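Hints given; two lone chains; assemble the complex.
The residues making up each chain are set out below.
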Amino acid sequence: MSKRKALSSNNRTYLAMTIPIVILFFLFNTLPLITGAVYSFTNYRGYGTFDFVGLRNYIDLFSDERVLHSYLFTFKYAIAGTILINCLSLLLAMGLNSRIRCKSLLRGVYFVPNILGGLIVGYIFSFIFTYIIPAVGKAMHIGFLENSILASERYAWIGVLVVGVWQAVAMNTIIYISGLQTVPADIYEAGMIDGANPWQKFWKLTFPMLLPFVSINLILSTKNMMMVFDQIMSLTKGGPAQSTESISYLIYKNGMDGGQFGFQSANAVVFFIVIVAFSIIQMKITGKKEEQL
Amino acid sequence: MKKTHKIGGTNVLLTVLLFLGCLTVLFPLYMTVIIAFKSPTEMTNDIAGALSFPSTWNFSNFSEAMRVTNFWHSLGNSFLITAVTIVLAVLLHSMAGYAIGRNMARKKGYKLIYFYIVSGMFVPFAILMMPLVKQTAIMGLDNRLGVIILYLVFYMPMNVMLYSGYLKNVPLAMEEAANIDGASTWKTYWTIIFPMMKPMHATVAVLTALGTWNDVMTPLVIMSSSEDTTLPLAQLNFQTQFGTNYNLAFASYLLALIPILIFYIFCQKQIIGGIANGAVKG
Numbered sequence: 001m002s003k004r005k006a007l008s009s010n011n012r013t014y015l016a017m018t019i020p021i022v023i024l025f026f027l028f029n030t031l032p033l034i035t036g037a038v039y040s041f042t043n044y045r046g047y048g049t050f051d052f053v054g055l056r057n058y059i060d061l062f063s064d065e066r067v068l069h070s071y072l073f074t075f076k077y078a079i080a081g082t083i084l085i086n087c088l089s090l091l092l093a094m095g096l097n098s099r100i101r102c103k104s105l106l107r108g109v110y111f112v113p114n115i116l117g118g119l120i121v122g123y124i125f126s127f128i129f130t131y132i133i134p135a136v137g138k139a140m141h142i143g144f145l146e147n148s149i150l151a152s153e154r155y156a157w158i159g160v161l162v163v164g165v166w167q168a169v170a171m172n173t174i175i176y177i178s179g180l181q182t183v184p185a186d187i188y189e190a191g192m193i194d195g196a197n198p199w200q201k202f203w204k205l206t207f208p209m210l211l212p213f214v215s216i217n218l219i220l221s222t223k224n225m226m227m228v229f230d231q232i233m234s235l236t237k238g239g240p241a242q243s244t245e246s247i248s249y250l251i252y253k254n255g256m257d258g259g260q261f262g263f264q265s266a267n268a269v270v271f272f273i274v275i276v277a278f279s280i281i282q283m284k285i286t287g288k289k290e291e292q293l
Numbered sequence: 001m002k003k004t005h006k007i008g009g010t011n012v013l014l015t016v017l018l019f020l021g022c023l024t025v026l027f028p029l030y031m032t033v034i035i036a037f038k039s040p041t042e043m044t045n046d047i048a049g050a051l052s053f054p055s056t057w058n059f060s061n062f063s064e065a066m067r068v069t070n071f072w073h074s075l076g077n078s079f080l081i082t083a084v085t086i087v088l089a090v091l092l093h094s095m096a097g098y099a100i101g102r103n104m105a106r107k108k109g110y111k112l113i114y115f116y117i118v119s120g121m122f123v124p125f126a127i128l129m130m131p132l133v134k135q136t137a138i139m140g141l142d143n144r145l146g147v148i149i150l151y152l153v154f155y156m157p158m159n160v161m162l163y164s165g166y167l168k169n170v171p172l173a174m175e176e177a178a179n180i181d182g183a184s185t186w187k188t189y190w191t192i193i194f195p196m197m198k199p200m201h202a203t204v205a206v207l208t209a210l211g212t213w214n215d216v217m218t219p220l221v222i223m224s225s226s227e228d229t230t231l232p233l234a235q236l237n238f239q240t241q242f243g244t245n246y247n248l249a250f251a252s253y254l255l256a257l258i259p260i261l262i263f264y265i266f267c268q269k270q271i272i273g274g275i276a277n278g279a280v281k282g
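Those protein sequence lines, which keep their order, are chains A and B. Following UniProt numbering, the numbering of the first sequence begins with 1 at its first residue and continues without gaps. Following UniProt numbering, the numbering of the second sequence begins with 1 at its first residue and continues without gaps.
Only chain B is shown next, with the shape it has when bound in the complex (with noise of 0.2 angstroms):
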C-alpha cells in the first residue's frame, strides 16, 4: 500500500488534470447560478458583472420566473409524459421482447417481426415529422397523449434490441420448469421472468427517460395547444418574453435544470450504468 512510485500509487498530476478540466464543464454552472440570483443592474458589461458573486442572493428572479413560464405547470407536464413513458415502455417493450426473443431463433415470423422494429433506429424523428403532425392532428392526438405514444415507439427498437438481448442469457430452465407445473406463459412471464429482467428495466428506464425529459422537437411539433408545455418548451416559448432580463432567464434556466440534477445526483450509479450497459449490449 505503501508503494508511492508508479505502480500501485495514484497519479497526482493526471488528478490535477482532471481536476482542472472539471472546469470546463462546471463553469457553464457556476455562471448560470450566479447570474439567476444577481439582480439585473448588477449585470455591468465586464466580466465580472457577470461572474461575481452577486451582493445580495435574491431569490426573486426565481419567484417571477416560476410566473412567468407557469413553471410548475409545465413541470408537471414534463414529470407526467415522462412518468407514463416510462412505465409503459418497461411494460409493453418488456413483454414484446420477451415474446420476440424467445421465438425468435424456433420462427421465421418473429425474427422479421425483430428486425421490422429494429430498423426503426435508422428513422431519425425529422422525417417523420410532418406526416406525424398531419396524422396525430387527425386522429385527436395532438396532445400529450400523442406525444407519450410517439415516444412509445421512438424507443421501441432500442428497448426490444435490449430486452430481447437480454433474454439470450436467461436460461430457460426455470419457464420450462413452470410450464411443467401448468403454469401459463402469461403467469410465468410476470411472475418469473418480469422480476429477473430488473437490471435491464432499470437501463430501459434510464434511457427512455433521459430522453424524453430532454426532448424538445416532438412536443414542439404535436402538441396544438400551449396549455400542454414541457419544461424545456416552455424555455423556447418564452425566450421572447425574458427580453434582455438575463437574470430572469437564467432563473428559468436553472429552475429547468434542476429537476434533473437531482434526479442525476441520487441515481448517478444507475444512469451511468444504465448507458454503459445500454450503449454496449445494443
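Pulled out of the complex, with its shape left as it was, chain A reads as follows (with noise of 0.2 angstroms):
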C-alpha cells in the first residue's frame, strides 16, 4: 500500500517536471505556428481588419517574382555555403588534428569566428569589402576588385556568403576533429602496411568512419544557411536591387513593416515545409550511405 503511495506520489513529481515546461512550448511555439498558418489564409495586413482568402496567397506566392527571387538566393547561398563550408572544415579539421606545434593555441584562435555576432561581423567585413579590398584593387591595378563587391547586383551574394563561410567553419571543424579522434589509429597502420597513398587512405580509411560526422555537418550548415538573417542585416539590407534578400530577411521586412503580415506568413508555412523536407531528405541520403557502408 506504501510502495503505491509512493510511486504514484513519484510520478506526481514527473509530471510536475514535465507539464510547466509542455505549457510553455506549446504557447511559445506550437500556438504561433497555428495562428501563423491561420493567417496564411487571410488578407491581414498587420493592423486593422481581414477577410479569409483561401488559398489566395499561395497561389500569389509561386508568382510573386520577390517571393521566388528570396527563395533563389537562400538556396544558392545554403548549397554553396554547405559545400564550402564542408569542404574548408574538414580540410583544417585534418590539419588541426595532425603532428603539428602549438595545436591547442591554434585551435583556439581557428574557433574565434564563431563566438562572435553575426551582426558585427558582418558590420567589420563590410568595412572589408567597401574600402580595403576596392584599395587593393586599385593599388595594384586589378580592375575588378576596384568596386565593391556589395555593391554589385551579380556578385554582392558572394560577399554575404564569405562572411557566412568565415563564422560556420569554426563550429563544423570542431565537430570534424572530434570525429577524427574516433577513428582509431590501427586502421592507419594496416594501411601503411598495405601499401595505401594519403589519397586512398582518406577515402577508403578516414572518410567512411567519419560519415556520422559529416552528417550531422551537412544538416547544421544547411540550416544555419537556409536561415541567414543577421549578415544581410548588417552587409546589404537585401539590396542592391533586392539582389541579396534571403526568406527570413523577406519575412521579416515585407511581414513586420510592409502591410504583407497574411502574404509572409503563407511564405513563412512554405519556408517551413522546405526546411523539414530538406532536413528529411539529407537524413535519407545520409542515413543510406552510412547503411551501405
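Read the hints as simulated data drawn from the structure, not as lab findings. Nothing here was measured: the structure is a model prediction, and the numbers come from that model. Just so you know, even glycine gets a beta-carbon here, dropped at the ideal spot from N, CA and C. You may find that some hints are simply not true.
Here's a subset of chain A near chain B, in silico, CB distances under 10 angstroms, partners left out [said to hold, decoys possible]: (1) Thr18; (2) Val38; (3) Cys102; (4) Pro113; (5) Gly118; (6) Tyr131; (7) Ala135; (8) Val136; (9) Trp166; (10) Ile177; (11) Phe261; (12) Phe271.
Straight-line alpha carbon distances no greater than 20 angstroms define the calculated EDC-like cross-link-like pairs of lysine to aspartate or glutamate that follow [to be verified]: (13) B/Lys134 <-> A/Asp51; (14) B/Lys187 <-> B/Glu175; (15) B/Lys198 <-> B/Glu175; (16) B/Lys187 <-> B/Glu176; (17) A/Lys138 <-> B/Asp46; (18) A/Lys201 <-> A/Glu189; (19) B/Lys107 <-> B/Glu176; (20) B/Lys134 <-> A/Asp257; (21) A/Lys253 <-> A/Asp64.
Okay, the calculated bits of chain B under chain A, using three or more residues with CB under 8 angstroms as the criterion [as the list claims (entries may be wrong)]: (22) 10–20; (23) 93–102; (24) 125–134; (25) 235–249.
Spelled out as C-alpha cells, the structure:
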C-alpha cells in the first residue's frame, strides 16, 4: 500500500517537472505556428480588419518575383555555403588534428569567428569589402576588385557568403576534429602495411569512419545557412536591388513593416515545409550511405 | 622523442601553413582594433590609412562610443537576459530532460512529449516571428521577460534532448537505492541527479549563452521599448548615428565584442568542449 503511494507520488513529481515545460512550449512554439498558419489564409496587413481569402496567398506566392528570387538566393547561398564550409572545415580539422606545434593555440584562434555575433562581424566585413579590397584593387590595378562587391547586383551574394562561411567553418571544424579522434590509429597502420597512399588512406579509411560526422555537419550547416539573417542585415539590407534578400529577411521586412502579414505568413509556412523536407532528405541520404558501408 | 622524421615528429610545414591561415581570422580583428584607436583625420583613402598603427593610441573613440550607444545600459540588458536564460534553462530543461528521459522507455506519453518537443528544432524563428510579435504584445511580454521566455522555448528542444540523452549513461542504481531509503523523486533529483549532470550543464550553458548573447532577431522584433536594447541591437540602432565616422563605429564594435572575447579566453576549453559535446550527442 505504501509502496503504491510512493510510486504515485513519484509519478506526480515527474508530471510536475514536465507539464510546465510542455505548456510553455505549446504557448510559444505550437500556438504561434498554428496562428501563423491561420493568418496565411487571410489578407491581414498586420493591423485593421481582414478576410479569409482561401489559398490566394499561396497561389500568389508562386507568381511573386520577389518571393521566388528570395528562394533562389537562399538556396544558392545555402548550397554553396554548405559545400564550402564542409570542404574547408574538413581540411582544417585534418590539419589541426595532425602532428603540429601549438595545437591548442591554433585551435583556439580558428574557433574565434564562431563566438562573435553575425551582425557585428557583418559590419566589420562590410568595411573590408567597401574600402580595403577596392583600395588593394586600385593599388595593384586589378580591375574587378576596384569596386565594392557589395554594390554589385550580381556578386553581392558572394560577399554575404564569405562572411557566413568565415563564421560557420569554426563550428564544423570542431565537430570534424572530434570525429577524427574516434578513428582508431590501428586502421592507419593496417593501411600502411597495405601500401595505401595518402589519397587512398583518406577516401578508403578516414572518410567512411567520419560519415556520421559528415551527416551532422551537413544538416547543421544547411539549416544555419538557410536561415541567414544577421549578415544580410549588416552587409546589404537585401540590396542592391533586392538581389540578396533571403527568405527570413523578406518575411521580416515585408511581414513586419510592409503590410504583408497574411502573405508573408504563407511564405513562412512554405519555408517551414522546405526546411523540414530538406532535413528529412538529408537524413535519408546520409543515413543510407552509412548503412551501405 | 628525438625522431624528426614523419613518424613521431611534428610537421613543420603544416604548422607554418596553419599559422598563415590564422591571418584570415586575425586580420578582421586586427583591423577593428587599429581603426578603433585612430582619429578620423588619420583615415586616408589608401590601405595604409586604415591598417597602419595609429600615431597615438586614442581612447576618446571609446568613451564617445559608450556615450552614443548607451553602452553600459545595453551591456547590462544583454547580461541580464543571457544570465537569467542560462539559469532557468539549466534548472527547467534539466528537470524536464530528467522526467522525460527516465520515463520515455516505459511510458508512451513521455515518449510522445519527447518527440513533440524535439520536433521544435525544425521550426526556425522566422516562421514564428510574426504571430509571436502579436502574441507577446497582447500578453504584455514585449519586453526583456518575453525575450527570456522565448529563448527558453527556442533552446528547449536541443537542451531536453541533450539532458535526456546524457541520462541514458547514468545508471538507475543510485536513484533506486535512494528510493528504498525513502527519499522522494524530487529530493533524489536535486541531491543526486542534478549534481551528477554537471558536464551537461556546462554544455547547455555554453550553447544557450552563445546563442542568446549574439542573437539579434528576437529582441529586434519582440521588444517594443528602446529602453531594453541589447548589445548587438545597439549597434544596429546606432548605425545611422555613426555616419562616416568609422573610428567611432569600430570602437563601438570592439566594445561589443570584448565581453564575449573575455569569456572565450577564460572558458575556451569548456566552450569548445561544450560545442563538440552538444553537436555529437545531438
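Each hint, compared with the structure:
1. Checking A/Thr18 against chain B: minimum C-beta separation of about 5 angstroms stays under 10 angstroms; hint holds.
2. For A/Val38, the suggested interface contact is upheld, since its CB lies about 9 angstroms from the closest CB of chain B, less than 10 angstroms.
3. The interface hint given for A/Cys102 is met, as the beta carbon of that residue sits about 7 angstroms from the closest beta carbon of chain B, less than 10 angstroms.
4. Nearest Cβ of chain B to the Cβ of A/Pro113: about 6 angstroms, under the 10 angstroms cut. The hint holds.
5. Because the beta carbon of A/Gly118 sits about 7 angstroms from the nearest beta carbon in chain B, less than 10 angstroms, this interface hint is met.
6. Annotation: interface hint on A/Tyr131 holds; nearest CB of chain B at approximately 6 angstroms, less than 10 angstroms.
7. For A/Ala135, the suggested interface contact is upheld, since its CB lies about 5 angstroms from the closest CB of chain B, less than 10 angstroms.
8. Evaluation of the A/Val136 hint against chain B yields a held restraint, the C-beta minimum of about 6 angstroms falling below 10 angstroms.
9. Because the closest C-beta pair between A/Trp166 and chain B is about 7 angstroms apart, less than 10 angstroms, the hint holds.
10. Satisfaction of the interface hint for A/Ile177 is found here, the shortest Cβ-Cβ separation to chain B being roughly 7 angstroms, below the 10 angstroms cut-off.
11. Of the supplied interface hints, the one on A/Phe261 holds, with its beta-carbon coming within about 6 angstroms of a beta-carbon of chain B, less than 10 angstroms.
12. For the restraint placing A/Phe271 at the interface with chain B, the shortest Cβ-Cβ distance is roughly 6 angstroms, inside the 10 angstroms limit, so the hint holds.
13. Pair hint B/Lys134 plus A/Asp51 holds up; C-alpha atoms about 18 angstroms apart against a cutoff of 20 angstroms.
14. For the proposed pair B/Lys187 and B/Glu175, the alpha carbon gap of about 10 angstroms is at most 20 angstroms, so the pair holds.
15. Taking the CA atoms of B/Lys198 and B/Glu175, the gap is about 17 angstroms. The hint holds against a cut of 20 angstroms.
16. The suggested pairing of B/Lys187 with B/Glu176 holds, with an alpha-carbon distance near 13 angstroms, which does not exceed 20 angstroms.
17. Under the criterion of a C-alpha separation no larger than 20 angstroms, the hint pairing A/Lys138 with B/Asp46 is consistent with the structure, at around 9 angstroms.
18. Distance hint between A/Lys201 and A/Glu189 is fulfilled; the C-alpha atoms sit about 10 angstroms from each other, no more than 20 angstroms.
19. Distance hint between B/Lys107 and B/Glu176 is fulfilled; the C-alpha atoms sit about 18 angstroms from each other, no more than 20 angstroms.
20. Among the hinted pairs, B/Lys134 with A/Asp257 is consistent with the structure: their alpha-carbon atoms are about 13 angstroms apart, no more than 20 angstroms.
21. Distance check on the hinted pair: A/Lys253 and A/Asp64 sit about 15 angstroms apart at the alpha-carbon level, within 20 angstroms; holds.
22. Residues of the stretch 10–20 of chain B lying with their CB closer than 8 angstroms to a CB of chain A number 8, which satisfies the three-residue condition for coverage.
23. Three residues within the 8 angstroms Cβ limit are the bar, and the stretch 93–102 of chain B against chain A gives 7, so the coverage statement holds.
24. For the stretch 125–134 of chain B, the stated coverage by chain A is satisfied: 10 residues place a CB nearer than 8 angstroms to a CB of that chain, which reaches the threshold of 3.
25. Residues of the stretch 235–249 of chain B with a Cβ under 8 angstroms from some Cβ of chain A number 5, which satisfies the need for three, so the listed coverage holds.
Of the numbered hints listed earlier, not one is contradicted by the structure.
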